[in-house]
Amino acid sequence: MRGRPAPLVAFERPALAETARQLWSLGLGSLPIATLALAFFGVVLEKHAALQAQRALLDLDRIGPMFMKLLVREFAPIMAGSVLAARLGSATGAELAWMDASEQLDALSLYGARIGREVYLPRLLAGILGTLLVGVVGVLAASLAAGGFAQLTGTGRLSAFVSPRLVDGKDLALFWAKLGLDGASLPLAAFLAARRHGRGPRGIARAASTAVVWGVLCVLVWDILLGLAFA
Amino acid sequence: MTDRALVAAGRAVGRPLVGWLRAAGALALLAGRSATALGSLDGRELARILAWDGAQSLGLVAITAALAGALVVVQTGFFIRQLGVLGLLGWGAGYASLREVCPLLVALVYAGRVGAARAAEVAALRAGEQLPALEALGVDSVRALLAPRLWGMAASVLLLTAFGDVVALAAAALAARGWLGLPVLEFWRSMRRSLGPRDAALGLEKSAAFGLAIALSALRAGLAAPANGRGVGQAARAAVVHAIGWILLLDVLLTGGM
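For the record, the sequence lines run as chains A and B. Going by the working numbering, the residue at position 57 of the first sequence is 64; the numbering climbs one at a time, nothing skipped. Going by the working numbering, the residue at position 9 of the second sequence is 0; the numbering climbs one at a time, nothing skipped.
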């Protein structure tokens, strides 16, 4: 971290052009796989709900609005966080470890660039904004995919699954809090992983995999803590 | 102008399609050659892979599964408390853990830890010209190196998920006791009333498929990466991202077949 602990990069002013570039590459670049993942997960959840509804002779249309609440409170943040831990964590961990191993960070320092402002903070902001974006798009993708699948298989109606009538302010606060903390934790996990492992080709690979594992664990821990706080 | 637009559109569709077909072909070839090598695997290499990939991931899987178990209780507990059906918590938490959360999270963490490391290892072997050297000496690299890794990783994911199921259920029972005051025996009874070995078997079926997908993605990423230092990092990244794509696709297909 070039002499500064990872969380302290938040006190620097970010380089806007680099932040926009990182947001484009990490945030928007993660959108297709995360959207696909959430859509797949929506279909999986609908299938489980249909199986259980069939067993208990329940009407799936009555479960639909509850499905949206569950998605907003629990499943969208954890799935978006896990997929981004893999995509964003591995990319950021490997990139920073590579920059460290090839002495690009040293070169930037020599030329007077402030590493926190130019390198770390743009990635941190891109992580937070990208995760929020992926979470919102993910909820839409999952609910549309689940509703579409229910409509297609004749187990329920699309409108029941996209209905937000049971989602209240507390659910939305939990949703934003989880996504925001996940988004901040993933780049920080990658910075620390890169700092710990980033020397040589194997160090780069280890940094990428450590960033993913730490990222997933952060997502799980935040999910439990915030779930308990908002229970 | 129309011709140009047509050519551009053809390129935009054709290039990814050809790339996807080539990747699918390479995966099928690797899977086929590894399957034929199954009868004559190097037992010592397989044991080494199982020990490293499996045993050394036990701690991480235990932590992940314990968090997953607690998480499922926190997630289902909110709704179960609202509906006033605390007796269903064992069923809800057990069903979600065994069939979905545990296989999925163990596979995701395994892809991040071992899949990426194996992809990087294969890419480093290529970058160091050890794989071509083996081939030049007449050693079949698929039989000697890749097949033991593939089957070792697939078996590890299956065994780790079975271990993770036990840890997740124990953690869920403890979380239910600590957070909702549900006695452990009551949680256990609620689970046994509505769940059977079939629920665990379906989750393990998924994890076997996830294990193969992680192993194939890792080996393919290692073999396809550029044979240089940067390629090692690229292989690790590609292995994780491709494995996750496959895991989620397989999850949909296997849940659909339930």
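These aren't lab readings, by the way, just hints derived from the structure by calculation. Be aware that a few hints might be false.
Selected chain B positions facing chain A (in silico; Cβ < 8 Å) [as the list claims (entries may be wrong)]:
| # | residue |
| --- | --- |
| 1 | 99 |
| 2 | 104 |
| 3 | 203 |
| 4 | 239 |
Only a predicted model underlies this, so the values are computations on that prediction, with no experimental measurement involved. Every residue, glycine too, gets a C-beta built ideally from N, C-alpha and C.
- prompt: When the nearest CB of chain A is found for residue 239(B), is that gap smaller than 8 Å?
  reply: 4 Å, holds
Hint validity - residue 203(B) Cβ closer than 8 Å to any chain A Cβ: 18 Å, violated
- request: Using 8 Å as the Cβ threshold, decide whether residue 99(B) counts as touching chain A.
  value: 6 Å, holds
- prompt: How about residue 104(B): closest beta carbon in chain A under 8 Å, or not?
  reply: At 5 Å from the nearest chain A Cβ, residue 104(B) passes the 8 Å test, so the hint holds.
Hint 3 alone, counting from the list given before, is not met by this structure.
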